[in-house]
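With these hints in hand, go ahead and build the complete structure from the sequences.
Under my numbering, the first residue of the sequence shown is numbered 52, with each subsequent residue one higher.
All clues stand as given, with none of them false.
Each pair of labels, with its calculated beta carbon distance range:
(1) Asp551 to Asp72: 28 to 38 angstroms
(2) Asp320 to Thr464: 55 to 65 angstroms
(3) Asn421 to Ser77: 40 to 50 angstroms
(4) Thr114 to Met311: 27 to 37 angstroms
(5) Asp320 to Ser88: 27 to 37 angstroms
Below, in silico cross-link-like pairs of lysine-lysine (PhoX-like), each with a Cα-Cα straight-line distance of 25 angstroms or less:
(6) Lys105 to Lys180
(7) Lys481 to Lys462
(8) Lys571 to Lys633
(9) Lys417 to Lys484
(10) Lys481 to Lys411
(11) Lys391 to Lys374
(12) Lys402 to Lys367
(13) Lys160 to Lys105
(14) Lys132 to Lys391
(15) Lys382 to Lys367
(16) Lys515 to Lys491
(17) Lys127 to Lys168
(18) Lys625 to Lys586
(19) Lys586 to Lys568
(20) Lys78 to Lys105
(21) Lys411 to Lys451
(22) Lys374 to Lys345
(23) Lys633 to Lys621
(24) Lys367 to Lys391
(25) Lys411 to Lys197
(26) Lys197 to Lys345
(27) Lys462 to Lys423
(28) Lys329 to Lys367
(29) Lys367 to Lys204
(30) Lys160 to Lys135
What the hints contain is simulated information worked out from the structure, not anything from laboratory work.
Glycine included, each C-beta is placed from N, C-alpha and C at the ideal position.
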Amino acid sequence: MIKSISSITDISVINQNNENDILSFSKIEFDDNALGSGGFGSVHNVQTIDGVSKSEFVLKIFTDEAHKQHAYDVVKILHDKLKKHQEKTKTPTYHDIPELLGLPFLVFKGYDAISDKHCVAFLMYNLEKLNYEDYGSDTASLEDYKSLSIPDKLYLGYQLAKTIDFLHQIEFIHADLSENSLWFNAKRVQLAIIDYDSGFHFDTQGKPTTVGKVGHWIGRRFRNIIGQKNDSSDLTTLDRLYEEYWVLANATFEVIFGVMPFFFLSDTDDNTKQSYLKEFEWPNIDYASPLLNKQNTQQHQTIISFIEQLENAGVKELITAFKTVFNKGYKNESKRLTAKQWKDLLLDLNKSVDNIPLIKSFSSNKTTINRKNEDVIFSFDLHKFNALYINNILIPIHQKEISLPIEDEAKITFRAVNDFQVVEDFIEIKAIKVDPQILKFEASNYYRDSLSPINLNWSVENAKDVVLSEMQTSFPISSNTDVEPLTKTTYKLTANGFFDEIITKELTVDVIVPIIKSFKWEVNLSEGIDNVDLKWETEEAQSIQIIPDVRSNRPSGLAHVPINKETTFKLIAKGLFSEVEKEITAHPFPVPIVKQIFAEAPKIEINANIDFSESNLPKELFAISNVQFTNNVSFNNLEIDSTELKNTLEFPKFEDENTLINKFSKKKITLSDVYDSILNTIQNRLNK
Numbered sequence: 052m053i054k055s056i057s058s059i060t061d062i063s064v065i066n067q068n069n070e071n072d073i074l075s076f077s078k079i080e081f082d083d084n085a086l087g088s089g090g091f092g093s094v095h096n097v098q099t100i101d102g103v104s105k106s107e108f109v110l111k112i113f114t115d116e117a118h119k120q121h122a123y124d125v126v127k128i129l130h131d132k133l134k135k136h137q138e139k140t141k142t143p144t145y146h147d148i149p150e151l152l153g154l155p156f157l158v159f160k161g162y163d164a165i166s167d168k169h170c171v172a173f174l175m176y177n178l179e180k181l182n183y184e185d186y187g188s189d190t191a192s193l194e195d196y197k198s199l200s201i202p203d204k205l206y207l208g209y210q211l212a213k214t215i216d217f218l219h220q221i222e223f224i225h226a227d228l229s230e231n232s233l234w235f236n237a238k239r240v241q242l243a244i245i246d247y248d249s250g251f252h253f254d255t256q257g258k259p260t261t262v263g264k265v266g267h268w269i270g271r272r273f274r275n276i277i278g279q280k281n282d283s284s285d286l287t288t289l290d291r292l293y294e295e296y297w298v299l300a301n302a303t304f305e306v307i308f309g310v311m312p313f314f315f316l317s318d319t320d321d322n323t324k325q326s327y328l329k330e331f332e333w334p335n336i337d338y339a340s341p342l343l344n345k346q347n348t349q350q351h352q353t354i355i356s357f358i359e360q361l362e363n364a365g366v367k368e369l370i371t372a373f374k375t376v377f378n379k380g381y382k383n384e385s386k387r388l389t390a391k392q393w394k395d396l397l398l399d400l401n402k403s404v405d406n407i408p409l410i411k412s413f414s415s416n417k418t419t420i421n422r423k424n425e426d427v428i429f430s431f432d433l434h435k436f437n438a439l440y441i442n443n444i445l446i447p448i449h450q451k452e453i454s455l456p457i458e459d460e461a462k463i464t465f466r467a468v469n470d471f472q473v474v475e476d477f478i479e480i481k482a483i484k485v486d487p488q489i490l491k492f493e494a495s496n497y498y499r500d501s502l503s504p505i506n507l508n509w510s511v512e513n514a515k516d517v518v519l520s521e522m523q524t525s526f527p528i529s530s531n532t533d534v535e536p537l538t539k540t541t542y543k544l545t546a547n548g549f550f551d552e553i554i555t556k557e558l559t560v561d562v563i564v565p566i567i568k569s570f571k572w573e574v575n576l577s578e579g580i581d582n583v584d585l586k587w588e589t590e591e592a593q594s595i596q597i598i599p600d601v602r603s604n605r606p607s608g609l610a611h612v613p614i615n616k617e618t619t620f621k622l623i624a625k626g627l628f629s630e631v632e633k634e635i636t637a638h639p640f641p642v643p644i645v646k647q648i649f650a651e652a653p654k655i656e657i658n659a660n661i662d663f664s665e666s667n668l669p670k671e672l673f674a675i676s677n678v679q680f681t682n683n684v685s686f687n688n689l690e691i692d693s694t695e696l697k698n699t700l701e702f703p704k705f706e707d708e709n710t711l712i713n714k715f716s717k718k719k720i721t722l723s724d725v726y727d728s729i730l731n732t733i734q735n736r737l738n739k
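Next up, the structure:
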């Protein structure tokens with residue numbers, strides 16, 4: 052049955068791979084059949100997260116009211132501490148300390164609608180799918196683990212000690228370290244620790260509410276407390292640290308030697324161990340002693356021989372540490388080595404046996420590329436590493452290959468990191484570069500004289516694509532496309548090589564356009580003087596328009612248009628794709644108008660002797676002094692000052708020729724004729 056948890060709140064999360072990290076979700080579906088269960092909850096296979104399949108994860112669900120809040124708080128505080136640590140290392144936790152892979156990367160609160168229960172849940176990796184084996188499982192064969200060499204087991208022992216030391220440095224006690232808390236990946240030679248929810252942050256939390264569970268590695272005080280259900284409220288933080296030191300020593304011994312330190316005794320009872328330590332010094336025993344499990348005699352001999360070999364091989368300090376803890380440290384807790392002491396001791400041993408990352412293989416599916424950003428698949432197999440990088444790209448957890456786009460020829464570096472050394476390998480990728488070639492770039496017609504489109508076609512070699520100018524999309528290297536130019540257009544074909552080489556070729560397509568060959572006018576006197584004839588001639592025009600007042604749309608023709616004033620005509624010639632225009636200004640037959648005469652009047656002096664004796668003139672005229680004359684002559688109310696006359700006279704130049712005079716008058720009118728007319732007028736008046 053598939054169940055789900057929704058109404059997700061209070062999420063706490065740490066980075067996983069920095070690639071496709073799960074940071075939040077609204078619904079998670081899981082298989083109701085539990086993979087395992089305990090007093091506080093159960094573990095289930097995840098089916099989907101927000102509808103996306105996520106079978107690589109498991110879900111640990113807590114419904115026990117007394118424990119679920121403690122479990123949530125413990126892991127959330129641990130997340131906060133790890134995030135601060137990650138800010139310093141700039142490396143995701145699972146790559147910096149891979150032993151924490153069993154730690155939930157996401158903790159949240161939610162609601163199970165089917166069970167009608169509010170719960171706390173942990174989301175974590177499914178270690179089994181990552182090739183880890185449960186060391187404490189009754190069904191585990193551990194064949195791969197048993198086949199590991201002593202240097203490999205020393206490496207695993209170091210991982211255990213340095214992880215517990217790290218947790219103690221950030222003031223966290225695991226408190227539930229047992230055979231069931233350890234998982235091993237024998238192929239990678241890697242250990243992972245689980246079950247953090249019973250832990251205790253002694254810097255921020257009050258007294259812990261849990262004391263772990265009974266196991267083969269548990270110390271005598273905690274065995275009595277758990278076994279007899281005694282009160283644990285008097286236990287101090289130091290008491291709990293001492294207990295973790297004891298469990299760590301037992302676990303480290305078993306990881307390295309494959310057996311418990313007191314495996315040869317008749318039972319695991321505390322009284323049996325105390326009786327043994329009163330009589331013997333660990334790991335020695337008299338084979339006749341009733342404290343010995345006779346079935347383990349041969350195995351004990353093997354372990355004793357192995358211990359002696361290690362002492363002779365320079366591992367005496369490690370053996371001495373075990374002897375100190377399992378003899379004096381059984382009762383005297385201060386004689387137990389701290390996690391840091393175990394870590395430092397095993398660090399030196401691992402350095403001495405050269406436990407550096409071992410790259411078994413590093414290969415690629417190709418060593419040459421024919422184009423930029425071509426994908427190359429890199430495969431690798433190695434063990435004893437914390438983090439892997441290809442060209443400084445962090446490789447996701449337990450990934451065996453990765454595909455990378457390679458831009459150009461390059462040296463691809465593979466880097467494996469552990470606590471002892473950085474090991475590198477490389478693969479050279481060559482770039483096969485061939486310049487692109489444009490074999491053909493043609494147009495179906497280089498002159499567009501109809502509405503049909505022009506087809507451009509091309510053929511290119513050694514290119515990834517081609518681009519045609521003025522178009523946004525790229526085209527295949529051998530293809531064609533229709534274009535519809537409206538004006539004369541130059542098309543440029545650009546071929547893009549596989550390594551960004553560029554080659555271009557151009558062609559030009561001209562377009563038919565209308566032409567106005569002529570556009571004229573003239574007055575049609577046969578029709579009078581207030582009209583004009585318009586005449587035009589065009590080429591390649593589908594139609595024309597003349598504005599104003601002309602209805603004809605023939606490409607060439609003549610039109611009679613009445614006008615009574617100066618008029619501007621516009622001819623618009625319309626072609627298939629464009630139009631052109633031209634303007635002319637016409638006016639009716641011109642009537643001559645003298646707007647102004649620019650002429651110098653001659654100086655006129657007239658002397659006359661008049662006999663007034665017999666005249667009938669009034670007596671007022673007898674006095675000569677009363678008769679006055681003026682040399683000002685008025686032409687159409689325009690006064691001309693004769694005092695400024697020049698010696699020579701020029702006939703004015705009129706802008707428009709009076710063609711009527713030329714046509715109908717045979718006599719020329721000159722300025723002298725005007726003067727004569729004036730003199731005659733004056734004489735006539737004087738004679739009256």
